[in-house]
Amino acid sequence: MESDRVIVVPRCLLRIINKKMFELIVFYIFAALLLTSAVMVITMRNPVHAALSLILAFFSSAAIWLLLEAEFLAIVLVLVYVGAVMVLFLFVIMMLDINLAKIREGFIRFLPVGFLVALVMVIVMGSIVGSGIIEPLLEERVYYGPGFSNTQHLGQTLYTDYLYPFEIAGAILLVAIIAAISLTMRARRDTKAQDPNRQVAVKRSDRVRLVSMKTEDR
Amino acid sequence: MLIELQMILPEIVLMSMACALLVFDAFIPSERRHLTYLLAQLALLVTAVLVVASFPQITEYAFNRTFVDDPMSGAVKAFILVITLFIFFYSHDYLKEHGILKGEYFVLGLFAVLGMMIMASAGSLLTIYLGLELLSLCLYAMVAMHRDSPPASEAAMKYFVLGALASGLLLYGISIIYGISGTLDLQEINNYILYNSERLPMLVYGLVFIIVAIAFKLGAVPFHMWIPDVYQGAPTSVTLFISSAPKIAAFAMTIRFVNDAFMHLTPEWQGILIILSILSMAMGNIIAIAQSNIKRMLAYSTIAHIGFLLLGIISSQSVSATGVTGFADALFYVVTYALMSIGAFGFVILMGRKGHEADELDDYKGLADKNPWFALIMLIFMFSLAGVPPFVGFWAKWFVLKEIVATGLAPLAVIAVVFSIIGAYYYLRVVKLMYFDKPVSMTAIKATQTMRAVISLNGLAILLLGVSPGLLMTFCIEVMKL
Amino acid sequence: MIELLHSLLDATLMPLVPESMHRITYLTFETVFKITLILTPLLLAVAYITFAERKIIGYIQCRIGPNRVGPRGWLQPIADALKLIFKEIIIPTGANRNLFIIAPVLSLAPSLAAWAVIPFNDHLVLADINAGLLYILALTSLSVYGIIIAGWASNSKYAFLGAMRSAAQIVAYEIAMGFALVGVLIASGSLNMGEIVAAQEGWLVHWFWLPLLPLCVIYFISGVAETNRAPFDVAEGESEIVAGFHVDYSGMAFSVFFMAEYANMIMIAALTSILFFGGWLSPFPEMIPILGEPGLFWLLVKISFFLFLFLWFRATFPRYRYDQIMRLGWKIFIPITIVWLIVAAVFVLIGLPPWFD
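Protein chains in written order, with the working numbering: chain D, 85 to 302; chain U, 410 to 891; chain R, 16 to 372.
Next up, chain D with everything else stripped away, as it sits in the complex (with noise of 0.2 Å):
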């Protein structure tokens, strides 16, 4: 037939591809971006570049959760920590004057300590994950589709199920509040602050004082 001989794709590796297996290329294509952009994030010798690859990783991981068909999560990590936590990070890497010398001194002293906690993880993570817990989990899985609501989901546990742990993680932000507030607010002396209220209300009579004199004699 003469449509054969164009195709360019072999037709084995056509077969394959469906839905399932376009999902796990994207899982590995993000997945090598976030362990990439995380190991770009404690090598990279430029602090506001190891700061531009933890956005990277973050992106990353949320395009991970979004295969995960856990949209909210996803675009939430975007939205708290791409778009708020890490610019104020990125604010503060930049200005400071970092002394990367410095900071880089401990990197190859304390490399073997690193290394051994992180083979001691593996190891117990690889055990967790290999004893066969994982696998019935994986079994379960179930895939929602696109009419699905992670969103409503999540609310409804979240205010039922998990309600008295969630209203006490509201207390903690609030008492986070408190202590930045009270740890950082002193009324300094030295500032010239201005007081917008004051400025506002201001009157005339306040700032002009209308003086009637008697016109001098000539």
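Hints are computed from structural coordinates only; laboratory data are not their basis. This one's a predicted model, so the numbers in the text were calculated from it and none came from an experiment. For glycine and all other residues, C-beta sits at the position ideal for the given N, C-alpha and C. Certain hints may be false.
As the list claims (entries may be wrong) - When the alpha-carbon atoms are kept at most 27 Å apart in a straight line, the in silico DSSO-like pairs for lysine-lysine are as follows:
no., chain 1, residue 1, chain 2, residue 2
1, R, K98, D, K276
2, U, K511, U, K763
3, U, K511, D, K276
4, R, K346, D, K276
5, U, K774, U, K890
6, D, K287, R, K346
7, U, K511, R, K172
8, U, K779, U, K763
What the hints assert, rightly or not - What follows is a list of derived Cβ distance ranges for each label pair:
no., chain 1, residue 1, chain 2, residue 2, range
9, D, H237, U, T468, 48 to 56 Å
10, D, V286, R, P368, 58 to 66 Å
11, R, G310, D, H237, 29 to 37 Å
12, D, P280, R, L324, 37 to 45 Å
13, R, G109, D, M128, 13 to 21 Å
14, R, I116, D, A202, 49 to 57 Å
15, D, R291, R, L324, 50 to 58 Å
Dock chains U and R against the given chain D, drawing on the hints supplied.
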């Protein structure tokens, strides 16, 4: 839903009052700051009344079993609230004297109490963790609150970094347990362990992380590094707080873990706790001898006492006929310890004045000549901490030791006794300084009348409990009959 | 039009593609086609808003504005674009080369990507996703990166100052903006943009701007701040820091920033129309023939009106002082939005007619 809300009414009331206090404090002039303090005390009092009024007789669950209401949680909450009443009292005087009185101190204190109450009645790993975080966050901020003092900032930094590390370890342990069992509910974890003993090694791995985190929070050796620096660097009022009420909450948390969730891993956690306990008693008691700063000395004494507390928890399985009495001993121990600890640190506050923290041992020289009554009160605190009869500290040690022997761990009891005797040395040294040395300066104690009255009350309470420990002990046994 | 595309594909490409790939090929081409359909008018609009801006501000200031290129100056934007394209892109020696080039792209891309979830009428939308509103919020929060990175990579004090100002400002106003959107969420009960418009079914008085009036006003003002437009344009601040974050950019690199700013303006105008002013719904009751019909036309009218407001602001208000911007964002807008969230929740709870019954 209404019944559930009724069950957490004390927590809701405390939270609402703390929030209201926060707003109230922002709008009052600083010379009326004592109103904030009085309202904070009122909040504690109201909450305490609510806790006592709704004291649970049986175990009940709420909010999808994330909240447990049982006699133990009721008792622990009541103890925490009463101890905090004392703490706020001492704190107010201290903060006013040193000119660092801020409304946020009491607001954060109330939130810390809320965190402790949440820990005490946690039914799931999630609630335990969140309660602990709420408590810790408040404490970090309270330590750092005196911003012009470099030691306080340093202490806060150390406390924060190590505390965050401990929280991380706890979360790691929790995540492992959750990963294996697939549930956060303590009771369900217990059941899971019972029916899935083949997963034991993995579960123990998670358990180890959780125990390490508990040890961090309690301050057991070898995870005690933060205690001396934080105790010494923090304002005395905060040291007072850290050393008392949170220990009771940490005890409750430990019970939630080891009894509610990991009952079927008893041999495993017992083994770890025995090591921690021996090390704590040894290190705490021996290093305390070398201290010249009384806050630091009391910090090491805390470590030693934590060792003893762990003994009580270890001996949980001894008497099955009367319920789990080992835990009752531990509860008795931690409550009486909290009472002695606030007394001792309260005494440091009593002795201090503006610009002078009476935290060196030399400040106590010849106190008996200057003020025999307060020297006597301090003597009660020191004797009680050392475990000299007839004060309550003796009974606390005695009950724990009795239980340990009954568990069949007699050698452990011998070690405990030996270290207690070593420990007695540094407590008695304070007594010797007060009664047999010449005073360095003749500055009189400048505390307010109420402060004097309350600290006397505190001392007398220790004496009274020492004379008749039966009532408190019966209560402890009653509530720990899980 | 989609059918046309299909037949075109069938005639040319499809015989070359194996059977199993047909669906995905159709889908890819359809999507690309739709994207082109959205972006081409958008970019044209961007070009002509610059023209409109100069004209409108000109008339407000009693001038005529550009009137030389083409009939009545209509070809002015084209001339500007050509000029910018042929200019050299200068990269300063001390600049961080890669980031310097990436920055304009980072600032334009989110403002274009956000259009994916904007519904033009009840079926015309590129991606009808459940969490549309969240997606918008996430993407608008990203546009700040272009500015910070540009400011930092330029290695210039003025640029850096502009970037820092912008970062602080955007973070502050994003919170108020987010809260205002939460109000819409409470009122409509959905994150899907189409459903939000559907929840406002009716005419002028049925739209959310009335029950959510404070949120609506705050949203639009925050939008102005978020796009760094006057009177919140301290990130550029010609009279203080030359041109702020893009002081070192030239040629096309500069014009991409320029395009991003105007694309963001259109975005904010479109979002305000959709979230608070009923999107494609007609402001007249349905009884009135022709005028009462919903349609794309109404959305465009609304967008144009809000764009006009942008220009009007610029011609009227002096630039805010920096501390006043911060005060407005943190101390006024955020408390108001939080209070109004509670009010909105009460409205929904009691089923206040005619919006929530």
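So, going through the hints one by one against the coordinates:
1. For the suggested pair K98 of chain R and K276 of chain D, the alpha carbons sit about 46 Å apart, so the restraint of at most 27 Å is broken.
2. Only pairs whose Cα atoms come within 27 Å are accepted, and K511 of chain U paired with K763 of chain U is accepted, the gap being roughly 16 Å.
3. As the CA atoms of K511 of chain U and K276 of chain D are separated by approximately 25 Å, the hinted pair is consistent with the 27 Å bound.
4. With a C-alpha separation of about 19 Å, the suggested pair K346 of chain R and K276 of chain D falls inside the 27 Å cut-off, and the hint holds.
5. The hinted pair formed by K774 of chain U and K890 of chain U fails the criterion: a straight-line CA distance of about 46 Å is larger than 27 Å.
6. Annotation: proposed proximity of K287 of chain D to K346 of chain R holds, straight-line Cα distance about 24 Å (limit 27 Å).
7. Between K511 of chain U and K172 of chain R the alpha-carbon distance is near 41 Å, which puts this suggested pair outside the 27 Å criterion.
8. For the hint pairing K779 of chain U with K763 of chain U, the CA-to-CA distance comes to about 19 Å; that is within 27 Å, so the pair holds.
9. Look at H237 of chain D against T468 of chain U: about 31 Å separates their beta carbons, and that is not inside 48 to 56 Å.
10. Distance hint check for V286 of chain D and P368 of chain R: the Cβ-Cβ separation is about 44 Å, which falls outside the suggested range of 58 to 66 Å.
11. A C-beta distance of roughly 35 Å is found between G310 of chain R and H237 of chain D, which places it inside the suggested range of 29 to 37 Å.
12. Look at P280 of chain D against L324 of chain R: about 24 Å separates their beta carbons, and that is not inside 37 to 45 Å.
13. About 19 Å separates the C-beta atoms of G109 of chain R and M128 of chain D, a value consistent with the hinted range of 13 to 21 Å.
14. Between I116 of chain R and A202 of chain D the beta carbon distance is about 36 Å. The supplied range of 49 to 57 Å is therefore violated.
15. Take R291 of chain D and L324 of chain R: their Cβ atoms lie about 34 Å apart, and the range 50 to 58 Å is violated.
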